[in-house]
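Undergrad: Counted the way mature numbering (1 follows the signal peptide of the UniProt record, and there is no 0) counts, the sequence shown spans residues -32 to -1, 1 to 247.
In case anyone wonders, no lab produced these hints; they're calculated from the structure.
Mixed in with the good hints, there may be bad ones.
[Unchecked claim] For each label pair, taking beta carbons as the anchor points, the in silico distance ranges come out as:
#1 Met47 - Ser129: 28 to 36 angstroms
#2 Arg124 - Ala82: 15 to 23 angstroms
#3 Glu134 - Ser94: 13 to 21 angstroms
#4 Gln221 - Glu171: 25 to 33 angstroms
#5 Arg124 - Glu101: 16 to 24 angstroms
#6 Ala116 - Arg214: 21 to 29 angstroms
#7 Arg157 - Gln123: 23 to 31 angstroms
#8 Leu234 - Glu100: 39 to 47 angstroms
Everything numeric in this text was worked out from a predicted model, so none of it was measured.
A virtual CB, placed ideally from N, CA and C, is assigned to each residue, including glycine.
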Amino acid sequence: MLNTNNNCQKMRSYLTCSSVFFGLIFSGNCLTQDAAAKELAQEKAIVAETHASLSASQQTVEQLDNATRKLLQEYQNIMQRNDYQQYYQFQLEQLAKEQQTEIANLEQQLEELAYLELTLMPLMQSILVALEEFVAVDLPFKQQERLAGVQQLRQRVNSSSLSLPEKYRLLMEVWQIEYDYGRSIETWRGTINQIDGERAKGESLAVNFFRLGRVALYYQTPDGAHSAIWDQETKSWQPLAVTFNRQIQQAIQVAAERVAPDLLALPLPTPGAKAGSAQ
């Protein structure tokens, strides 16, 4: 009986101790869980704060990056404008140098032209005089027409409205025409004012002229019955024998391009004969 009571008391003591122990354990566990929860909450808060700080920093970085890019773009634009302005300034300087060189060349050309005009004008006047004298003493073919051309040329050369190159060109054109007369043949219809005593002095007769370069000048009446040659020494026409009529007629046909060119036996001028002139 006594043992039973003792056992019961021991059991109660054990249960009481166990309850206290488990209570302490439970209480300790509860305290540990609360601390862990608080620590976790603190860590979450720290992480959230860190994230917020990082987000703010990222925004700041992005803003700074955008500002930096904007500044960089503005700098590049300024540099591009500066490069363009420098290039434009360089082009202007090059253009100014070229214009200065061109102006210098033009001034030199004007000086040379003035000197050339001083030396060339007297020469051109001398050529005009020589040309006029040459036409006057040359074979009398188209003489009035040629002399009138020389006079017209003189007026144009003396004109202030024409440039020196233009005057020189006109002079050379007339000179070339006169030069070409010596290398060509020609025929044309004209008149003479005297013929071998068959007509009174002052009367005119229609004839066909034939020019053989500057070697000889002939005429023949339209019917082919009379032919003559100009004598440059006596300044008169010399009648030709009728035996030359055929050759003169053929020469006129060749010059008029009515027949093909052929070898012709034409007489050369001889002194003497009676006076006359071709127009």
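Undergrad: Indicate whether the distance between the beta carbons of Arg157 and Gln123 respects the range 23 to 31 angstroms.
TA: Hint holds: Cβ distance 29 angstroms, inside 23 to 31 angstroms.
Undergrad: I want to verify a distance hint. Is the separation of the beta carbons of Met47 and Ser129 within 28 to 36 angstroms?
TA: violated, 58 angstroms
Undergrad: Would you say the C-beta atoms of Arg124 and Glu101 sit inside 16 to 24 angstroms of each other?
TA: Since Arg124 and Glu101 have Cβ atoms about 19 angstroms apart, the given range 16 to 24 angstroms holds.
Undergrad: Given the hint of 21 to 29 angstroms, is the C-beta distance from Ala116 to Arg214 inside that range or not?
TA: violated, 35 angstroms
Undergrad: Starting from the range 13 to 21 angstroms, see whether the pair Glu134 and Ser94 falls in it by beta-carbon distance.
TA: Given about 19 angstroms between the Cβ atoms, the range holds.
Undergrad: Is 25 to 33 angstroms respected by the C-beta to C-beta distance linking Gln221 and Glu171?
TA: For Glu171 against Gln221, whose Cβ atoms are near 28 angstroms apart, the range 25 to 33 angstroms holds.
Undergrad: Verify the CB-CB distance for Leu234 and Glu100 against the hinted window 39 to 47 angstroms.
TA: This hint is violated: roughly 30 angstroms between Cβ atoms.
Undergrad: In this structure, is the beta-carbon distance linking Arg124 and Ala82 contained in 15 to 23 angstroms?
TA: holds, 21 angstroms
The structure shown violates the earlier hints numbered 1, 6, 8.
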